[in-house]
Amino acid sequence: MGYSFDFRSVSFGPLWEGLIVTLQLTVAANIIGVVLGFPLALLIMSRFAPIRLPAMLFVEFFRCTPAIVQIVWFFYCVPMLFNVFLGSMTMGILALGLNLMAFNAEAYRAAIQAVPREQLDAGIALGLNPLQRTLYIVLPTAVRASIPVLLTNGIGIFQQSALVAIVAVQDLMYQAKTLATETYRPIETFTIVALVYFAVSFPVSQIVGYLERRRQLMMS
Amino acid sequence: MTMSFSAPLVKIKSLHKSYGPHIQVLKGLDIEMKPGERVVVIGPSGGGKSTLLRVMMGLEKIDSGSISFAGKPYISSEAADKKTVIDTEVRRSIGMVFQHYTLFPHLNVIQNLILAPCKVRGENKASATKRAQALLERFGLGAKASAYPAQLSGGQKQRVAIARALMLDPKLMLFDEVTSALDPELVAEVEQVILQLAAQDMPMMIVTHDMWFAKNIASRVIFCAGGVVVEDGPPEQVLGSPKEERTRDFIERVFHIRH
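Those sequence lines, one after another, are chains A and B.
Note that my numbering gives residue 40 to position 40 of the first sequence, counting from 1, and the numbers run on in steps of one.
Note that my numbering gives residue 120 to position 120 of the second sequence, counting from 1, and the numbers run on in steps of one.
Honestly, the hints are just simulated from the structure, not real lab data.
Some clues are possibly wrong.
To be verified - Here chain A is said to cover these stretches of chain B; the calculated rule only asks that three of the stretch's residues, wherever they fall, bring their Cβ under 8 Å from a Cβ of chain A:
1. 51 to 60
2. 164 to 178
Claimed, not checked - Cβ-Cβ distance ranges computed for the label pairs, FRET-style:
3. A/ILE31 x B/TRP212: 40 to 46 Å
4. B/GLU185 x A/LEU42: 42 to 48 Å
5. A/GLY156 x B/LYS130: 46 to 52 Å
Values in this document were obtained by computation on a predicted structure and should not be read as measured data.
Think of the CB as a built atom: it goes at the ideal place given N, C-alpha and C, for glycine as much as any other residue.
Next up, chain B with everything else stripped away, as it sits in the complex:
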């Protein structure tokens, strides 16, 4: 048997986050994520799942704790002054897709895709457009390059949003309930695109309520409740035969599964 050692891709250390003086959302979260892992985070609403992803993207301030990416700390806060320090250079390795369509309504699909590469990385327009077109073809959206967001279905919008994030060559993708706002018949096309990324070993952290999707994409499942990690393990264990009472209750309630 060979020992395989790999340094963590993401290391989250005792993350604390509260909204105002009374609402503590994250109460000392510790997670280590290895390269190539696809972590699905499940748990009751208000349990801190989305907040975790938002914090990792640098969209929320934290009270204390730190997060490092590929060995480089990029988000930290000292309890004393509660000032969140974010290394935007490191953060650029991370891409995120949100629940609500966040395409820029005044830009067409191609313009949405090339805005950040051109403005943030200084890529020239021709090369960015070429990459964008190739990405759209791959996602079955080649014909929609010059369409505006308002002319797309919800599923198409989310696929464009994923392509837009990929334009910056992220080393980690965060998906925050990306199918929750979609009509049921549009969920599959978005999940297919994410599965396609998974097949190419893109590391990802996913918040979802879709049991089928969680089972099919996860290499690891974390059950998060009350601001802490309650259970953490392979999908067969956490979704199939959870050890913790709270996990079992949640899975029975939300996914209507009896153990």
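Bound-form chain A, shown alone:
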């Protein structure tokens, strides 16, 4: 065990740039996932099979394949099959965003279905029409109920975004690999990078825990 740590050779400049890229990927993917996940949830709950089945297929594709396969597929197969390549950053955002959209749709669906039947009965008894019941009862209750899962999924995408390094998006992980190779200091570099991922994720997971405890209190 003669290894002597040397953190001085790890330069923070590239890591900082990488973190910025990682955060951009995360934020953009979350905007896609949070906004488009909701209409997708409505589609997978449609009574009309030609609408429901393609939507379910979309969701299941993302849920039942590894994220790394989705990313690779997106980068290599989509450009060849459809002749579109929108730049590695855009492609990365799309791959992560669509993945998150599928997972968030499931979170929204569970939350919508968890709105108690009695709430809707009360809405009918108060004369609210179906659209008003959706807008004023189902939507606010379901969105609130799904926030902890949306945050968990969102921070999951922050971590999974490290996978786009393999297709040359210059995120935190990519910069780390480059740096580790250049400096011959992989242990120091990846230790620091792990700590950075942890430092961002941990507070969010604490917030999720807090929200869930508060929610249980609200529901009791």
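Based on these hints, arrange chain B on the given structure of chain A.
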């Protein structure tokens, strides 16, 4: 002696309702309710009491039969296509309070009260809020206007639910076991509010298992079992000296009263 004739407020004609092909809950129910009457419906569980109220509110489909309110038919179904037709305009004259608290958890008390008046009737927010505040004061909840449902006791929640239904000026109130989920010490405050409404001649139909409450509020008691009306009459008769064997058995069993 003067003859007083009053048209029925509610007229239920041969109401049939089943869940699936085998479970018949209502098997031809006929009830006429006069204005100003306070009908308490009692009976064994599964006998169709709650289903009756839910059907009257338009929350359940029916197989056949019809219900009219103030002379206007508003729920009907023809046996042929089993399609339940509901006139939502007429139904708006009816308010309902449920067993489980159904306050909207994301809205505070005032917001719960004014949601329907503002969205359904297009009332402006200021006037609805003013009416809501007055109603809350009347029910001893004036200080709770900005509280959220989670911050209220069960009894307070049910009183808010009653106030919320009253915001739409119903001409008939339906109470479906509104005290069954409450802790015993909270039952009285909810029953007081309903008695207060009764004193103002609000017509109501009440499903309850509370004997004291039934006696004090009913102007008429209906014993419902097996999907039909078994006995129907003034409370002294149905609760005090029931004619039907089944009514007597039920009252002895549930209310522990020997005749």
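Structure-based check of all given hints:
{"no.": "1", "hint": "51 to 60", "result": "holds (count 4)"}
{"no.": "2", "hint": "164 to 178", "result": "holds (count 3)"}
{"no.": "3", "hint": "A/ILE31 x B/TRP212: 40 to 46 Å", "result": "violated, 59 Å"}
{"no.": "4", "hint": "B/GLU185 x A/LEU42: 42 to 48 Å", "result": "holds, 44 Å"}
{"no.": "5", "hint": "A/GLY156 x B/LYS130: 46 to 52 Å", "result": "holds, 48 Å"}
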